[in-house]
Amino acid sequence: AQTVTQSQPEMSVQEAETVTLSCTYDTSESDYYLFWYKQPPSRQMILVIRQEAYKQQNATENRFSVNFQKAAKSFSLKISDSQLGDAAMYFCAYRTLMGWKLVFGAGTILRVKS
Amino acid sequence: DTAVSQTPKYLVTQMGNDKSIKCEQNLGHDTMYWYKQDSKKFLKIMFSYNNKELIINETVPNRFSPKSPDKAHLNLHINSLELGDSAVYFCASSRRTSGGARDEQFFGPGTRLTVL
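Chains as they are written, first to last, in the working numbering: chain P, 11 to 124; chain U, 17 to 132.
By construction, these hints were calculated from the structure, which means they are not laboratory data.
Only true hints are included.
What follows is a list of derived Cβ distance ranges for each label pair: (1) LYS123/P to LYS83/U: 41 to 51 Å; (2) ALA11/P to ASP34/U: 29 to 39 Å; (3) THR130/U to ASP41/P: 35 to 45 Å; (4) GLU39/P to ILE71/U: 16 to 26 Å; (5) ASN42/U to ASP41/P: 25 to 35 Å; (6) ILE71/U to GLU27/P: 36 to 46 Å; (7) ARG111/U to GLN54/P: 18 to 28 Å; (8) GLY95/P to ARG79/U: 32 to 42 Å; (9) GLN93/P to HIS93/U: 37 to 47 Å; (10) TYR64/P to GLU98/U: 41 to 51 Å; (11) HIS93/U to ALA26/P: 43 to 53 Å; (12) LYS65/P to ARG111/U: 16 to 26 Å; (13) THR75/U to ALA26/P: 41 to 51 Å.
Subject to a maximum C-alpha distance of 27 Å in a straight line, what follows is the list of computed BS3-like cross-link-like pairs (lysine-lysine): (14) LYS57/U to LYS83/P; (15) LYS35/U to LYS83/U; (16) LYS65/P to LYS83/P; (17) LYS60/U to LYS25/U; (18) LYS123/P to LYS56/U; (19) LYS83/P to LYS52/U; (20) LYS60/U to LYS80/P; (21) LYS88/P to LYS56/U; (22) LYS35/U to LYS25/U; (23) LYS123/P to LYS57/U.
Negatives, chain P to chain U, calculated, CB over 12 Å: (24) SER17; (25) ALA26; (26) THR28; (27) SER38; (28) ASN72; (29) ASP91.
Heads up, the beta-carbon is just placed ideally off N, CA and C, and yes, glycines get one too.
Given the sequences, and given the hints that come with them, work out the whole structure.
Given below as structure tokens:
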């Protein structure tokens, strides 16, 4: 079974600084998808970024980028120029290529200090 | 317009009661899901329906019964509620293509269920 591990229960970053959230996963599949979701205090789940495992290029979305290391099964999220609105719980998630369900990590709380 | 909506947003009830949570999506998606987020914020899939057909049924007590009257709706009925059922329940939907990453799952706002 696939598992997703987020080893940082909580992280803090100063406004305008950069922070990296870690995620590792375990799978025997060669093709799959990885996602980062953000859950602010409103509890709405918002997709931040996604990565196809068959693409070597790291995905980027404005201030958000990933460092995808397929051999190491690592998928970290880098947030540049952190803003107060980035404060939230961040979940790493995995889905097989043809699968239906998302498998989530335990989440990392990100606090942004002004 | 709300893409995935859930009602109610908050539900407080007594142990032993039966309750339902409704979910509707107006995105034209053909797959819908129920996830449970427990008190430690851990999210786990419960059920998934594709074109009104049950395709995922994780290890969930049979007190939980999903019902999909049509592709746009997936309701969750819970019988004989227990204290441990207290959680946030999320509905989600996605479009099934050839399995591409554009099958993004859109989540509803969640329903916080509190069992007293």
